[in-house]
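A.B. asks: Based on the hints, put chain B in the right spot on chain A.
Chain residues, written in single-letter form:
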Amino acid sequence: MATKDIGPKNPVAKTNDMVVDYVDHRTGMKTGLNWFMNRNIPAETSWFQTLGFTAMALFGLQAITGIILAMYYKPDAATAFESIRVITDDLTWGWLVRGMHKWGASAMIVVVFLHMGRVFFFGAYKYPRELTWVTGSLLLVMTMFMGLTGYLLIWDQKAYWATVVAVNLTASAPVLGPYLADVLRAGPEFGPNTLSRFYAIHMLLIPGGMITFIAIHLFLVSKLGIAEPPWSKRRTMVEREKEEAKRQAARDRLPTGRTRVPVRAPEHPPLRTPAPTSSSTATTPEGGGS
Amino acid sequence: MNKAQQKEYLEDYAEAKRQGKPFFPYAIYKDHLVALFAIGIVIAMAIVYRVEVGEPVNPATTDFVPRPEWYFFFLFELLKIFKGENVLTPVIMGTFLVPNILMVLLVVWPFIDRGPERRIEKRPVALAIAVVVIALMAWLTEEGVKSPSGTVDPAAIELEGLDEAGEAGLVLYAANQCSACHMIKGEGAPGPGPDLTNESSKDRGLEWQIDHLKEPASRTPGSSMPAFPNFTDQEYEDLGTFLEGLGDTYK
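As you go down the protein sequences, you meet chains A and B in turn. Read in our numbering, the first sequence has 210 at position 210, and its numbers run on one by one without any break. Remember, our numbering sits 1000 above the position in the second sequence when you count from 1.
So that you can see chain B by itself, here it is in the shape it has in the complex:
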């Protein structure tokens, strides 16, 4: 908007106010009606869907399913899209770039869209952006609601060539809810972690696998995977052997 358009807007708005009505009580009563309705819904939800007491925190067990509140699903689902499997989907896009760029764009939006037009039907670019953003957020939230809660029966993952270490590794894999974030042969969640069906093809070696389990970020900088520091040496070896053999020894 240039100076003349700004002046014109201010004059027009002053005219609207002259022809208007007082804030109290005309706006106040509408505000209170809607606010009371919203508070009523909150109370009704609290009564119908009672809060529950979950399981106490146990940092040692790790049989958890990390799921955020529903209003973070759209960010959580981004992690499943950007898993670093190829150049187009680097992990940093989902963890940092996309959310932060969106946040900055949101804050500075009025300085980007400065046109004088206020009617949405005459602002095609703004309308298109709004429709795309709303559709994407709705879709990602819906995907988050639908995504499996993670618990997978070890028997559901059918692997051939399992030896003793492989069998023990698979049991650990299932007991520690790895399938809440990872997938093997189509079983488990499609993210945030990568698909492990062909883990052996990455040629990382047993030592890498064990270090990664103890402290993921030490081997994969920027990893959001929680650390598993409380296994025994035997368990590390079994799970590491199992992971290192996926797609090669165990198919």
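Extracted from the complex, chain A is given alone in its bound form:
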């Protein structure tokens, strides 16, 4: 892809072209980016259709603040609480990062629910976007589980006892409940290993699942295109035209009225009558003469 029309040919531009061509030849990156970035979207989109991206941006914010917190947090029953205290009280900007992670969780829940409401009210989960909704609803459930598992990591009284109740609730579920509770608690009792387990679930298991499902969700959104608002100007026009066509068809189907019934040829040839004056009435069934 040599650039011939702009500026003199210098070695840097040439090298850039070579690098881009090298990568594109082996990965199809140009095609991919073109497919993602230059695809058309309907002319009219609502501001509410930015909530999905906003949820993803907040997920990114949670990832960044979470990684920073993980650099100082110690996932051990004996030191967890103290490390949270150090992050909050001693560390430069520590309170801000922890605060952003905490409020970011709430904000993400709010935005994810609003996003779901938008998709519901736009009827955007209908054909062909059913599976986009399925992956999205699983992301919503995973977001809730992030809130649940992250709450314990603070390792203070409130978090501890709220999580004890949550795990007891899990244990009360029929059939699988007791086993699931044992998995969450890392044993029959709530103890130090429970903290490590929640840490692993919060840091590795659910984020891995969420990244996977966000990727699928995003791929489906790009492939199927974002839904057009059902009341966009173009849709309103299309519906009005359809409505008009339907009315027209209904009018055309009327057996009587403004449309003319075609003149039928008489079934029998006119009787031969000597009187020439009566022949005109026989050939016109409508009898417009009299």
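Hints listed in this document are in silico derivations from the structure and should not be mistaken for laboratory results. Here the structure is a predicted model, which is why all the values come from computation and not from measurement. Some hints could be false.
Unchecked claim - The calculated label-pair distances, taken between Cβ atoms and stated as ranges, are:
hint	chain 1	residue 1	chain 2	residue 2	range
1	A	Pro128	B	Ile1028	19 to 27 Å
2	B	Gly1161	A	Phe213	53 to 61 Å
3	A	Lys242	B	Trp1139	38 to 46 Å
4	B	Ile1081	A	Val238	30 to 38 Å
5	A	Ala200	B	Gly1205	42 to 50 Å
6	A	Val86	B	Gly1205	44 to 52 Å
7	B	Glu1207	A	Val183	28 to 36 Å
What the hints assert, rightly or not - Here are the simulated DSSO-like cross-link-like pairs (lysine-lysine), alpha carbons at most 30 Å apart as the crow flies:
hint	chain 1	residue 1	chain 2	residue 2
8	B	Lys1146	A	Lys223
9	B	Lys1083	A	Lys30
10	B	Lys1214	A	Lys158
11	B	Lys1017	A	Lys246
12	A	Lys102	B	Lys1030
13	A	Lys30	B	Lys1021
14	B	Lys1185	A	Lys233
15	A	Lys223	B	Lys1030
16	A	Lys158	B	Lys1185
17	B	Lys1251	B	Lys1017
18	B	Lys1214	A	Lys233
19	B	Lys1083	A	Lys158
20	B	Lys1017	B	Lys1122
21	B	Lys1080	A	Lys242
22	B	Lys1003	A	Lys242
23	B	Lys1021	A	Lys233
24	A	Lys233	B	Lys1003
25	B	Lys1017	A	Lys30
26	A	Lys223	B	Lys1122
27	A	Lys223	B	Lys1214
28	A	Lys246	B	Lys1083
All C-beta atoms, glycine included, are put in the ideal place defined by N, C-alpha and C.
C.D. replies: Same frame as chain A, now just chain B:
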């Protein structure tokens, strides 16, 4: 949607795309504006409402108030509705059935509502469901916000006929924040635990009460109440006597 309606939708959407505009930059810029606004709000909240350091975990004390984060209030409040006090409100409804049925319905919703109509004003059933669900969740969350944090002064519970064991039991009851989940004569939280005003009428006996305190699920399968395994024998007896006497000896 039948095959013809699907085909018609795809053709119409293709037409919308033909008349449309490129994703970059038209959608991207709107997305970034709103996302930056949201991140700004998060930073502002973090600055205005600073995080605090709570009390360190102490599994032995049990003077706690189990309250989840606000976004779980709607599930938490379900436990207060379904307390197993009569046939219509079995505990399993709040702990398992309602949340899980709602979750499954949420995931499979597109396979239930398959009609071609997308305008909400022409989808009365979907609109009604949405309004009811939003109203219920808002109401339950609001109830969760309003619900008392649990700490009740033992003097606020006025009981007659308190003897020595009853008095000691009441002090333990208050010190261990039982009123965060239970109610006696209108004092304390209306749930998730049952109202204990007439506990004696259930004829459970002292032994049942003590076993239940040590390991609630052993006596009430499916109970979400935390265990209280660290009392002395005397304390178990006092609290058990107190609970067993409620509504009979202590009114």
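A.B. asks: Does the beta carbon distance between A/Ala200 and B/Gly1205 stay inside 42 to 50 Å, or does it fall outside?
C.D. replies: holds, 43 Å
A.B. asks: Between the alpha carbons of B/Lys1080 and A/Lys242, is the straight-line distance 30 Å or under?
C.D. replies: Roughly 52 Å separates the two Cα atoms, so the pair is violated.
A.B. asks: Does the structure keep B/Lys1146 and A/Lys223 at a Cα separation of 30 Å or less?
C.D. replies: Violated: B/Lys1146 and A/Lys223 sit about 45 Å apart, past 30 Å.
A.B. asks: For the pair supplied as a hint, A/Lys102 and B/Lys1030, confirm whether the alpha-carbon distance does not exceed 30 Å.
C.D. replies: holds, 26 Å
A.B. asks: Next pair to validate is B/Lys1003 with A/Lys242; report whether the Cα-Cα distance is within 30 Å.
C.D. replies: holds, 19 Å
A.B. asks: Quickly compare the C-alpha distance for A/Lys158 and B/Lys1185 to 30 Å and report which way the hint goes.
C.D. replies: holds, 26 Å
A.B. asks: Given the hinted pair B/Lys1083 and A/Lys30, is their alpha-carbon gap at most 30 Å?
C.D. replies: violated, 60 Å
A.B. asks: Mind checking the alpha carbons of A/Lys30 and B/Lys1021 for me, to see if they're no more than 30 Å apart?
C.D. replies: Answer holds: A/Lys30 to B/Lys1021 is near 20 Å, not above 30 Å.
A.B. asks: Hint check: B/Lys1083 vs A/Lys158, CA-CA at most 30 Å. Holds or violated?
C.D. replies: holds, 23 Å
A.B. asks: Are the Cα positions of A/Lys246 and B/Lys1083 separated by 30 Å at most?
C.D. replies: Cα-Cα ~56 Å, so violated.
A.B. asks: Does B/Lys1122 sit within 30 Å of B/Lys1017, going by the straight-line distance between their CA atoms?
C.D. replies: holds, 24 Å
A.B. asks: Falls inside 38 to 46 Å, the C-beta gap from A/Lys242 to B/Trp1139?
C.D. replies: holds, 41 Å
In summary, the numbered hints that this structure violates are 4, 8, 9, 14, 17, 18, 21, 27 and 28.
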